[in-house]
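Can you build the whole structure from these sequences, using the hints too?
Order-wise, the sequence lines are chains B and S.
Residues are numbered in my numbering as their position in the first sequence, beginning at 1, plus a constant of 30.
Residues are numbered in my numbering as their position in the second sequence, beginning at 1, plus a constant of 30.
Rather than coming from a laboratory, the hints here were simulated on the basis of the structure.
Some hints here could point you the wrong way.
Stated by the list, open to error - Across the chosen pairs, the derived CB separations fall in these ranges:
1. B/Arg61 / S/Glu102: 46 to 52 Å
2. B/Ala137 / S/Arg120: 21 to 27 Å
3. B/Met34 / S/Asp134: 52 to 58 Å
4. S/Arg115 / B/Thr144: 24 to 30 Å
Given the structure is predicted, the values throughout are model-derived calculations rather than measurements.
Quick reminder that beta carbons are idealized off the backbone N, C-alpha and C, glycines included.
2 protein chains.
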Amino acid sequence: MTNMTDLERYLHRQIPLSAAMQVSVLEATGRSVTLGAPLEPNINHKSTIFGGSASAVAILAAWALLHVRLLEEGLASEIVIQSNRMDYDRPIGGAFTATSSLADPDAWPQFVNTLTRRKRARVEVQSVLTFEDAIAGRLSGRFVAFLRET
Amino acid sequence: MTNMTDLERYLHRQIPLSAAMQVSVLEATGRSVTLGAPLEPNINHKSTIFGGSASAVAILAAWALLHVRLLEEGLASEIVIQSNRMDYDRPIGGAFTATSSLADPDAWPQFVNTLTRRKRARVEVQSVLTFEDAIAGRLSGRFVAFLRET
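Quick look at the structure:
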């Protein structure tokens, strides 16, 4: 179990847009990270969540999961997004959450193995956006991790 | 030729995250919209542009192009993103731009026709991110426009 306050502080400090979007860490385990964000700083011309905010919070949740898991593995690394697909299933009219998980949890040991041997490895992470207990959007992202020289 | 100051003011007012990202309108014609954004408010833990910011500015450029073109057509409408694919080709280490264009300019008359008849229509828009004169990212987005009842 990760210290959620530490993770939130890390995100706000390292990625100031997460503070501007008022992103909070609602849950962070090895399996998933759930972030929350309110409507006001992320609103659009239709008084719903701006697609760019929805996408950015989904990316952040996915990135944070890899950050947390690699810390747990004791692997100092840098994680960069390579590509993503995002579906906006329905308008989000208020505070929403983004919950990330590995696209294929069984592929994790192989990912860690490759990262350790080759100093870089790719992994797929998904995030699901929820608004009023229903799925409102889905992100599928491909990330690459680089082992930091220590 | 659209009044760029008006468009910038509109974006900042309607989508406050665009102000937080310090997005500026660099060019806006019927063919394309170019937005710019600086590093500082969009920085990440690697001192490059946060993927969520890159994606959000690319979405905003695509959305703004449709906004401008539909205004020019005299069609009061609302434009919503349905899905997008984003490729992050290389790290962006400073101020960058996003330039949008229609994926298929020849499909525009059909789009306008459908929008007028059926009150809704879909269209594909692409955005290219540029940093130091090289392509740094590419977005391909699908949008749906709804004709506003007047």
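Hints versus structure:
no.: 1; hint: B/Arg61 / S/Glu102: 46 to 52 Å; verdict: holds, 49 Å
no.: 2; hint: B/Ala137 / S/Arg120: 21 to 27 Å; verdict: holds, 26 Å
no.: 3; hint: B/Met34 / S/Asp134: 52 to 58 Å; verdict: violated, 46 Å
no.: 4; hint: S/Arg115 / B/Thr144: 24 to 30 Å; verdict: holds, 25 Å
Of the numbered hints stated above, the single one contradicted by the structure is hint 3.
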